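Participant: From first to last, the protein sequence lines are chains S and L. All residue numbers for the first sequence refer to the working numbering, where the first residue is 38 and numbers rise by one. All residue numbers for the second sequence refer to the working numbering, where the first residue is 901 and numbers rise by one.
No wet-lab data here; the hints were simulated from the structure. In this text, all values refer to a predicted model and were calculated from it rather than measured experimentally. Heads up, some of the hints might be wrong.
Unchecked claim - Think about it this way: if two alpha-carbon atoms lie no more than 25 Å apart in a straight line, the pair counts; the simulated BS3-like pairs of lysine-lysine are: (1) L:Lys1097 - L:Lys936; (2) L:Lys1096 - S:Lys428; (3) L:Lys1042 - L:Lys941; (4) S:Lys321 - L:Lys1044; (5) S:Lys187 - S:Lys232; (6) S:Lys178 - S:Lys148; (7) S:Lys187 - S:Lys230; (8) L:Lys1157 - L:Lys1042; (9) L:Lys1097 - L:Lys930; (10) L:Lys1164 - L:Lys1254; (11) L:Lys1096 - L:Lys1019; (12) L:Lys1096 - L:Lys1042; (13) L:Lys1019 - L:Lys946; (14) S:Lys428 - L:Lys1228; (15) L:Lys913 - S:Lys345; (16) L:Lys1164 - S:Lys428; (17) L:Lys1167 - L:Lys1157; (18) L:Lys1157 - S:Lys428.
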Amino acid sequence: MDLAFTKEEQAFREEVRSFFRDKVPPDTRRKLVEGRHLSKDEMVTWWRILNKKGWGVSHWPKQYGGTGWTSVQHYIFNEELQSYPAPQPLAFGVSMVGPVIYTFGNEEQKKQYLPRIANVDDWWCQGFSEPGSGSDLASLKTKAERKGDKWIINGQKTWTTLAQHADMIFCLCRTDPAAKKQMGISFIVFSMKSKGVTVRPIQTIDGGAEVNEVFFDDVEVPIENLIGEENKGWDYAKFLLGNERTGIARVGVSKERLRRIRDLAGKVESAGRPIIQDAAFREKLAACEIELKALELTQLRVVADEGKHGKGKPNPASSVLKIKGSEIQQTTTELLMEVIGPFAAPYDVHGDDGSNEAMDWTAQIAPSYFNNRKVSIYGGSNEIQRNIIAKAVLGL
Amino acid sequence: MDFDLSEEQRLLKESIDGLLTDSYDFESRKKYMKEKGGWSKAVWLKLADQGLLGLPFAEADGGFGGGGVETMIVMEALGKALVLEPYLATVVIGGGFLRHAGTDAQKAAHVPGIVDGSKTLAFAQLEKNSRYDLFDVTTTAKKKGEAYVIDGEKFVVLNGENADTLIVTARTGGDRRDKTGIGVFLVPANAKGMAKKSYPTQDGLHAADISFTGVEVGADAVLGNPDDSLALIERVVDEARIALCAEAVGLMDESLKTTVEYIKTRKQFGVPIGSFQSLQHRASDMFVAAEQARSMSMFATMAGDFEDAGERAVAIAAAKVQIGKSLKFVGQQAIQLHGGIGMTMEAKIGHYFKRLTMIENSFGDTDYHQRRVADSGGLI
């Protein structure tokens, strides 16, 4: 057992860090630090910089453009990316549909989709949840009926993140209504520009509109857009959800936020002195830092385990990462609310053009707090994660 | 970075787990508790036979040159089996002082007896009002020629009744809370002027309150610098904290396992109570807490080798906070999920809960260490 990073790993961290310092557009970084939303252009610009460097789809197999890094290198890359901070690669393409296509797709599909995912020539979105199918995803009703050389798709998806930017969607559709619910689902991809696709934004409690409802009304999709086998879509969905394991804790994101909290707490005054001099506040901050340190170590254990024993089956420890990671992210946004105090209230009066530096940092704190309530809900709610631990780890 | 055990470490783990499986079931433990001093000499000699009592000592001193990971493995196993024997007091703390500050003569006088199981030690540090501050010392050691004369009172000295040698912190100069003027002394159990009051502790161990009245020891009793040994004490106590973290992880593992087994078999309303989601979620949260504790126990073990004493102290304090929070949650929920039977002395879970609870209040509780981390300027 040796918990220290090797010299090579440390050198790699330096390499990654200096690349971010040189290449992340400063305004993009500032917006992330302030918790602001980025425009589509800002995100795509950065992802193409990353892809040009060869790091756009770092965890893919080398033959499809991956880096061949070790698990520890991936961990370091993600941590540095999150804590710099720089925009993370678009999960829907890079972490979700990409691996499904290179694992279960045919050669034609790999050629057609993978390079375009890597360079974000296509922006992908995820068609999983439906109004009646959240945690019980397998009850989904959107149906795809075979008609000659086409699928005819009807139904509705929801919580479709950034669908307003999307060129493509990967969609779970019911293709065999008679089969047991998990057995009759297929994994179909198609253009969001298809006739019959309607996107309606959902305004969320933070005031943003990053999620959407997507309606399908007799959407015609070529038959070859089925990925893998018909009625095997549930297996691919499980593969997809289990694939993104260690990034889910978002340790780097929380680290960056805790550094920011400490910085702000040294400046913002309460009772005539910086808040950081308040013992109760300091202890709350310390408590959160300790939780995060423990989570970081737990994550490293999972990473090391993957490195040793291969990715194989989803590791139930990823449920621990999800639960603690989301709780800590939420705690950091609570601490920010505590720092900002009464100035949490004003709506974004200054805009996000960076022209009013003095107050800009306050604008997104309340929205970010509201927005972060989602992290214990999405990706399998924390209650679902507890079900998974009870079943898969404890055998209950 | 590598979290796997080496081949030797795996063998060590198998060997101690095997020994304890054979000789430390819950019924045997009850018998050991009734022996002199509250633990089993026979088990202690078995630990010696397997080389476990000599584990952290250098080979040149008759030990096996084990490091922090080896001690972690042993402490975790001792926790899992709820072992009573004075490994912490003798090997980790007593051995720690000898390893870090013992002269060749002191090592020669004490290490072989520890390694072969014939001698045990105890650490007499806590005072009536010192609570968790290691520098808060009123017991005095006054110089008398080459000798020192010790006066004062020490409390809750684990293994104080049985120990052959006490390691005593005492002030050679300065005022009660000064950080200098503190020395560490090896005091034979039979030295004149000591009075011991022994008693069982809440967790089934044995401790003693010990008064020192004009206890005279020679120059050969001094460990390290008699006028400036706080850093030494802090270092050894940090090692004790690391060991307690590992012991707690073993205790939590066993508590969780026992609890899950119980709710799988206990039936109410015609079904195992483990089929109820509210209980499943609580058990899952226990698992999360135990895993976070395990991570921080490893972090503490790693931090034991940090060169910067300040960094080491903060890291270990952070670990003790996480362990304190986790053990409280796991311990309390284990009792809750056992229901009424968890309240009884006949079920083993209560005994695990009691030991866990006492670990929180040993060498700094959760609040104490959280304050240390908070005042250090942060961990991230």
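Participant: Look at each hint and say if it fits the structure.
Facilitator: Comparing the hints with the structure gives:
For the given pair, Lys1097 of chain L sits about 14 Å from Lys936 of chain L by alpha-carbon distance, which is consistent with the 25 Å threshold. Between Lys1096 of chain L and Lys428 of chain S the CA atoms are separated by roughly 52 Å; this puts the pair beyond 25 Å, and the hint is violated. Annotation: proposed proximity of Lys1042 of chain L to Lys941 of chain L is violated, straight-line Cα distance about 36 Å (limit 25 Å). As the CA atoms of Lys321 of chain S and Lys1044 of chain L are separated by approximately 50 Å, the hinted pair breaks the 25 Å bound.
Distance check on the hinted pair: Lys187 of chain S and Lys232 of chain S sit about 13 Å apart at the alpha-carbon level, within 25 Å; holds. With a C-alpha separation of about 31 Å, the suggested pairing of Lys178 of chain S with Lys148 of chain S is violated against the 25 Å cut-off. Between Lys187 of chain S and Lys230 of chain S the alpha-carbon distance is near 16 Å, which keeps this suggested pair within the 25 Å criterion. In summary, the hint linking Lys1157 of chain L to Lys1042 of chain L is not supported, as the alpha carbons are separated by about 52 Å, beyond the 25 Å threshold.
Of the supplied pair hints, the one linking Lys1097 of chain L and Lys930 of chain L holds, its CA atoms being roughly 23 Å apart against a limit of 25 Å. Using a Cα cut-off of 25 Å, the hinted pair Lys1164 of chain L and Lys1254 of chain L holds, with the two alpha carbons roughly 23 Å apart. For the given pair, Lys1096 of chain L sits about 18 Å from Lys1019 of chain L by alpha-carbon distance, which is consistent with the 25 Å threshold. Restraint check: the Cα-Cα separation between Lys1096 of chain L and Lys1042 of chain L comes to about 21 Å, which is no more than 25 Å; the hinted pair holds.
At most 25 Å may separate the alpha-carbon atoms for a hinted pair to count; Lys1019 of chain L and Lys946 of chain L meet this at roughly 14 Å. Distance restraint check for Lys428 of chain S and Lys1228 of chain L: the Cα-Cα separation of roughly 24 Å lies within the 25 Å cut-off, and the hinted pair is therefore satisfied. Simply put, Lys913 of chain L and Lys345 of chain S have alpha-carbon atoms about 20 Å apart, close enough for the 25 Å limit, and the pair holds. A C-alpha spacing of about 12 Å is found between Lys1164 of chain L and Lys428 of chain S, which places the hinted pair at or below 25 Å, so the restraint holds.
At roughly 18 Å between alpha-carbon atoms, Lys1167 of chain L and Lys1157 of chain L fall within 25 Å of each other, so this suggested pair holds. Restraint check for Lys1157 of chain L and Lys428 of chain S: satisfied, since their Cα atoms lie roughly 14 Å apart, inside the 25 Å limit.
Hint compliance for this structure: hints 2, 3, 4, 6, 8 are broken, all remaining hints hold.
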